[in-house]
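Given these sequences and hints, build the entire structure.
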Amino acid sequence: MRLLKALTLAILCLGAAIPATAQERSGPLRIEITEGVIEPLPIAVPTFIAENPAAQEYADAIARVIAADLTGTGLFREIPRDAFISRITSFDSTIQYSDWKAINAQAVVTGAVSAAGDGRITVKFRLFDVFADAQLGDGLQFGGSAGSWRRMAHKVADAVYSRITGEGGYFDSRVVFVAESGPKDARLKRLGVMDYDGANVQYLTDSSSIVLAPRFSPTGDRVLYTSYETGSPRVFVLDVGTVQRRALDLPAETMTFAPRFGPDGQTVVFSLTEGGNSDLYATNVNGGGIQRLTSTPSIETAPGFSPDGSRIVFESDRSGTQQLYVMPAAGGEPTRISFGQGRYGTPVWSPRGDLIAFTKQNEGRFHIGVMRVDGSEERLLTASFLDEGPTWAPNGRVIMFTRGTQGAGGEPALYSVDISGRNLRRVQTEGPASDPAWSPLLQ
Amino acid sequence: MTPNTGTYVSGIGHGILILWALIGGFFLRANDPLPLQSTEVSLMSSEEFAALSLPDASPDVPTEALEVVAPEPEEAAPEIAPTVEAAPEVLEPAPALEPEPEPEPAPAIDVPDDAPILPDPPSEQASTAEPTIPEAEAQPEQAPRVAPIPAPAPEPDAEISETVTPEVVPDAEPEPEVEVVVEEAPATAPQEATTEIVTEAEKPSAPTESVRPKSRPKPQTRVAETPPPETPIVPADAVADAVASALAETTFAAAPAPAPAAPTGPPLTGGEKDALRVAVQQCWNVGSLSTDALQTTVVVSVNMSRDARPETGSIRMLSFEGGSEASAGQAYEAARRAIIRCGANGYDLPAEKFAQWQTIEMTFNPEKMRIK
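Protein chains in written order, with our numbering: chain A, 59 to 501; chain B, 1083 to 1454.
Hints were generated in silico from the structure; no laboratory data involved. Check each hint, because a few of them may be wrong.
Derived pair list, reagent style SDA-like, types lysine to any residue, alpha-carbon separation capped at 20 Å [said to hold, decoys possible]:
| # | chain 1 | residue 1 | chain 2 | residue 2 |
| --- | --- | --- | --- | --- |
| 1 | B | K1355 | A | E93 |
| 2 | B | K1355 | A | K159 |
| 3 | B | K1450 | A | I89 |
| 4 | A | K159 | B | G1428 |
| 5 | A | K159 | B | E1393 |
| 6 | B | K1450 | A | K159 |
| 7 | B | K1355 | A | L194 |
| 8 | A | K159 | B | T1394 |
| 9 | B | K1355 | A | R437 |
See the structure below:
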């Protein structure tokens, strides 16, 4: 009987094991995809519909600016219009998804423009996800004066970019820069401001004195810069709307330079040289005294705030070579964050707060690079004879900088690059340009 | 007459033998490592192997795209042709390739009445210098080093397609007695794409070595060019699998509509799974994903039809990890597009194993694709 019990128990155990074994074989097929492709998303931007004759001149131009914005990111590829099977005849017409799938369009932007008698125009658009057979987000419209049609195109492109990538756009923004002219040994410099893509240039100063390192305020309505109009470098603030400028209330016997706004739009951090020694100071843009942030015999310069205003990144040669440091905004013990080969300078905190862009000089080459705020994961994005002065796009995805060319005829120009290191592009300017600073998104 | 102990033992022993014959296969199958090897041999033909060996068919060949990614900055690379500006608008009302059975109703215009009104741009400043306004259509000049895929249009002799399709041309001299109408079709080829991000700084200014071909994605079962042997290698549980497969087919033939609750029949081989994985990742484009979305892993479920096409309406996100809901949404959309695009013509899945791949859970893990 004992043997019988043992055999019965074994059979019961076997019976219990059978469902478990079968369970392992049940359920859906599971696979893991770990390697995709990196290619621009094919997008179609048909000519916008002109809803009245007065809007005719803007309909195609707006669509072209939108397409140029999107393809300029390197993340999108515009499908040539002559490949279209369907044509958009009305803003309210249904798009034939199969027609757009046939030409591999993955997104389609349709829109319409109407012009009122008072000189105002209205731009509206829709975005369609072709392979989802659905509209992506709601339709949206923008209104403004006819003269601001490029801004409305940029706003549509920002919305399309944001809906597809999940990141904020940066097209409706401006860049202040130093426009240069004349021979290399007697260069004339003046401040200019332009759309992010180089259009709509306006000059803010004349070329009577050297100007350097303009920096936008967080609201984009003012610019800090360094000018030699008094004979020595001094920090000025300029109102972009009125082009009125004034020197900050700083000690006259000192040299002040490398200013940058804090996120509150009031605090200004800058370098001050007195007795041959440069240290970092802070002040209010409207006056009220200065606060010393560093006190060392070394050279401290190029300060910049973190987005939350709690910390300052700057460059210093206190270790014997030019390196990057981070310290509390009110001053205090700095922490060195750069330890690679070569010299580091001009650090700028990303608007997202996660990266710091910098200029690096190593083995006779200049690089634009990014690193984590603790100095880890350093990546060099560019390399050339002279790359320097990075500035972040409002969404923290793109960096603009100055690239200089070698030789007596060498001239500086503005370039942009994605933080992945792809999509290096030259920004078109009328002439030589340097020291770009990106504005926040316009309101 | 009462049976003695010998009768009990004999009866129990026979009972165990019968049970073992009925259910013993489960244990053998659970521990037997052979099925993967044997099934691959039976399914991999020489043509398929040759197709897998074709360099153009490899989906993981970034070399050409990398050439585009990082041309030398000093080179006077040709600028991208301004196709945007120059392309003539030819909007011919060509007939749709596939007439829409049910045209989508026009989406309701949801244009808010209180749409944001743009303020006027900063007025033309009376700068001390002469304000110079450039042409309204000034566009950024293309840098010597350009976007990864700058080509605005496909090759003139090849249309974009997810699969490689050889060019088909009508026979010059068709057989007179056989009226075969061969529709002329252009050659198609998948678009070039890269799977790596190489920055300008990492790429030397001049080529220092020739391009090294990349290894194939996964080791495939190598099948000799010679015909398979008359008697294939049969694993221990192949008979049981074959019986289960035959039973499954019989069930489908009798009642094609209902689906089994749990997959039955032989599982997909490693090679078959790899083929599906490679097919999907060809269309998984992470180039337009945000950095946050590139931190997000999503698990997506899809039901398949018998012709191995994904049922679009069944695609849904089961879970995500590593990002916000917004970034998961972006990652899911990219995954969804990949499944639909590359499955438009049906995936290469064995029809006899439909029960195994009727529902698929795909985990899209972008860890290797992140910006580093």
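Taking only the CA atoms, is the gap from B:K1355 to A:L194 under or equal to 20 Å? At roughly 33 Å apart (the allowed maximum being 20 Å), A:L194 and B:K1355 break the hint.
Check the hint pairing B:K1355 with A:K159 against an upper bound of 20 Å on the C-alpha distance. Distance ~27 Å between B:K1355 and A:K159 Cα, so the pair is violated.
Going straight from one Cα to the other, do B:K1355 and A:E93 come out at no more than 20 Å? holds (15 Å)
B:K1355 paired with A:R437 [C-alpha distance capped at 20 Å]: violated (36 Å)
So if I understand the rule, the pair passes when the alpha-carbon distance is 20 Å or less; does B:K1450 with A:I89 pass? Within the cut-off at roughly 16 Å; holds.
Against the 20 Å threshold, does the CA-CA distance of A:K159 and B:E1393 hold or violate the hint? holds (16 Å)
Restraint status (C-alpha distance of B:K1450 to A:K159 at most 20 Å): violated (29 Å)
CA of A:K159 to CA of B:T1394, is that 20 Å or under? Holds. A:K159 to B:T1394 sits at ~14 Å (cutoff 20 Å).
Would you mind confirming whether the straight-line C-alpha gap from A:K159 to B:G1428 stays at or under 20 Å? holds (16 Å)
The structure does not agree with the numbered hints 2, 6, 7, 9 stated previously, though it agrees with the rest.
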